[in-house]
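Q: Each chain, written out:
There are 2 protein chains.
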Amino acid sequence: MLTPLVRAIAVAAPLPSLGDNTGDLDRLKKALAPQLSWGMPVVPYQRLGKVAERFRAAGFTGAAIVNDMLGTPVLVDFLPQLPPVLAGMALDLGTTHLEATLVDLTTGAVLARADLENGQIRYGADILTRIHHAAKDEGLAELHRAIIGSVNDLALELSRVSGLARAEIRALSVSGNTSMVHFFLNINPHHLCREPYIPMVNAPDPCLAGELKLAIHPAAPVWLLPSVGSYFGGDLISGVLASGLDQQAETCMLIDVGTNAEVIVGNREWLIACAGAAGPALEGGVARMGMRAGPGAIEHVQIDPDSGEISYQTIGKGKPKGLCGSGLIDLVAELYLTRQIDIRGKFRPQAAGDRLIQGSEGYQFVVVEGKNSADGQPVVLDQVDLDALMRSKAAMYAILTTLTNQVGVAFADLHRIYVAGAFGRHISPRQAIVLGMLPDLDLAVYEPVGNSSLVGAQRILIERAARERSLELVRKITYLELNVNQEFMLRFSGSRFIPHTDHTLFPSVPFFDGD
Amino acid sequence: MLTPLVRAIAVAAPLPSLGDNTGDLDRLKKALAPQLSWGMPVVPYQRLGKVAERFRAAGFTGAAIVNDMLGTPVLVDFLPQLPPVLAGMALDLGTTHLEATLVDLTTGAVLARADLENGQIRYGADILTRIHHAAKDEGLAELHRAIIGSVNDLALELSRVSGLARAEIRALSVSGNTSMVHFFLNINPHHLCREPYIPMVNAPDPCLAGELKLAIHPAAPVWLLPSVGSYFGGDLISGVLASGLDQQAETCMLIDVGTNAEVIVGNREWLIACAGAAGPALEGGVARMGMRAGPGAIEHVQIDPDSGEISYQTIGKGKPKGLCGSGLIDLVAELYLTRQIDIRGKFRPQAAGDRLIQGSEGYQFVVVEGKNSADGQPVVLDQVDLDALMRSKAAMYAILTTLTNQVGVAFADLHRIYVAGAFGRHISPRQAIVLGMLPDLDLAVYEPVGNSSLVGAQRILIERAARERSLELVRKITYLELNVNQEFMLRFSGSRFIPHTDHTLFPSVPFFDGD
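If you read the protein sequences in the order shown, they are chains H and L. Throughout the first sequence, residue numbering follows our numbering, covering 862 to 1376 in sequence. Throughout the second sequence, residue numbering follows our numbering, covering 862 to 1376 in sequence.
Think of the hints as simulated: they come from the structure by calculation, not from any bench. Watch out, some of these pointers could steer you wrong.
When chains are identical, the list treats them as one kind, so a pair holds in a single copy or across two.
[As the list claims (entries may be wrong)] Listed below are the simulated EDC-like cross-link pairs for lysine to aspartate or glutamate, each with C-alpha atoms no more than 16 angstroms apart in a straight line: (1) Lys1337 to Asp881; (2) Lys911 to Asp987; (3) Lys1207 to Asp1248; (4) Lys891 to Glu1333.
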């Protein structure tokens, strides 16, 4: 039995008469109350007239639409009969990309999927630029309108795919990082990027879609996954919900790499989390030849150690356009294993074949020649991109070691490591281990969980327990601030080699001593 | 200890730090929670940014403004320090007149009083005309704007008198009849005057002033006294609160005469109520020379039985302008006692002196000659006004007998009769008894309670128990519909004599048999 964020409840009220002069709305509430174990419904002022009029127009019989707002039933609409489908939208509100599903709230079935670039990108590719833009006159308002516009476009696409009208979307759950949630709510993000990095709000109370000018049903409840801090957002809470990290006896870890890398470790007793800038090189649009994991992205690369021949797979099987995060990791790991780069991540011209060419800004490794690519341009990896990846992988490992060290848990104690996001969906953990990005554990420990931010948002739509859990998680998670952590800085330096300064930490990875 | 509708609560939250990355709003809620025995506060979306910004700007220390909405604390504002005065407006939303007080919510003291004509009068003097007007295009919107405009004007006047800004009015309680509440909320009153007379809503949930475009503080809670039915509004519930009718062991009665006469009888065990059109002749502006009980209104009249000389008192002691309800009752009772009208309420020219003149539409009794009046026009009572008063007094007595008969209570069983409204404030119960309008009981039984609608609204502002009681009253009161009551029609006919067809019911009143 699902406990969705909004329900349609059949009601047949007694007809008004001289002997029963109960007001229309009071009559509806009275008829509804026995079916609501969770309290007497309230009607917000902006829905008052509509609900009462529609109840009367329907002859006092039909279906009440009731939002489950933090346990209080909020009566927002009345239909002549139970709707064939009651739909909700689950939204992963990413910095670069939005992904959403339309969910049948009665069955939990996914009715449609869609994704879209974040319309805020025109004001800045990264969050910091946008936070600075928000400080300008009208800046915050522009960013807010842009994100609301994107969400509305996405709703339109879900509507097109599903055949339901946008106004039939009667609930929205939103899972995003803390900055995106601030922009979405039109509240000042100024302090998010300034020490001590305090959000305006971590756990906003739910509101109605109409208050945000969303083009779905105006009375749809908008339920935002709460955040733990500026750098640990609702998207991660969503990931915890999706993975079940907070309900397991064994200690597990969740890694989500997006714009930042966010990591949480714990079990049903305790949870500790941190976040750091380990993501950029792996995110589409940051590395020069990097792209989002989508059609045409090279997701896997192999280099034959004997012939040096390169083979690759693209998402969608078409001609390659660029490298997504997993392709980049594969490529660099293979370049290391074939000794075409050294342990510092620098090209070794003496070992490289004719694919290494001298570009205007230094060496470039040609992954795909122009004649074989989608747009006639070669797909290359240059030293700048390589350096960025080295920083990312060092940051990632430093984050993981700092965090586990904080709670005295060894990597070997981890029962499972969930890898979330586009990163987790395509990455080969083996190659990430080769680079020294992920700890050298049995591959069975690693479990990709896909877009757990979206999966968690879906659960918020249909399970009251998930909604309650999300709020408990905010209280339960201890957040470790890395921005000022000395241990992290030290560990970061130690991680800037392949696989690591201390190569004994990675027994399974060949170590090429000296050069 | 008062439990007002809005409170200012001193808060000193720990400062944010790297070790404590709680969001601003979450920090405020956490600091506030121990001081709120009645639950965790929620922040409505429209106040989110403002509360968070002001809390931070105040250095995380100051005063939280918390609305007590049906037991849920709603956090709506933050001030750098406790305000010197936290003020709320209590409003009697009358059909012809609005009256309001500004109340200090910490002490309960009344800071200012004001009253104003209802701006809706331009669309119709009576409710029925306005309900018909509401059916026109834009009609309801016009009526809504008119009443909101009047309330805003009244708030301005309270602000002028008290020296507080309108935006410092942080709560509003509204006590009005059911139609006025519909206009105030901008909801369709169509069915209020059509059988079976069903309101759109009897007990609306509270909202915020900004949602109604009220010019007081936008986050002020607006608490509307619930109604029992179309003809038994929140103003009466307010009267019950003010009189304590629902808390007494002895059976008492409350009579409120405004546009309608509304009567409720009962005790702490049971309550029964009804309403009827007994008011019009007693309301200012309806009788030709009638006026509201205000400066220049003749409130009391005596006729010397020997000399036939008339003496009178005006409100404010100035020159007379017209007759208010109590003056009208006094005058007609004296005319009866001096036999200048007969038991059917008709002028007796054979007994009248030179004050009875023949006007264009029949006899007129000159109460005040033009030379002695405020505007040079004589104050007169004509047969038309007299007939209207006879109908009103008959309706009133019929209502009282029908209602008490319904529950098997004799008038003599009534411990006390509270008389509310402008009617109750100035009326002489003795003269009303002479007319046969009120039962012939010991005068000590009658207790004027003034504008109990306003007094009840004041209690709503400062006592949570009164707010809870008001909602219980809606469930507790049985409403007797008179519009289709045969017994009432019969009793009405029997009451159209002075004092009554059955004069033995009024042993204290001289009966002038035959003519």
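Q: Are the hints correct? Go through all of them and say.
A: A quick look at each hint next to the structure:
no., hint, in the structure
1, Lys1337 to Asp881, "between (51 angstroms within a copy, 14 angstroms between copies)"
2, Lys911 to Asp987, "neither (42 angstroms within a copy, 26 angstroms between copies)"
3, Lys1207 to Asp1248, "within (8 angstroms within a copy, 108 angstroms between copies)"
4, Lys891 to Glu1333, "between (32 angstroms within a copy, 14 angstroms between copies)"
Of the numbered hints stated above, the single one contradicted by the structure is hint 2.
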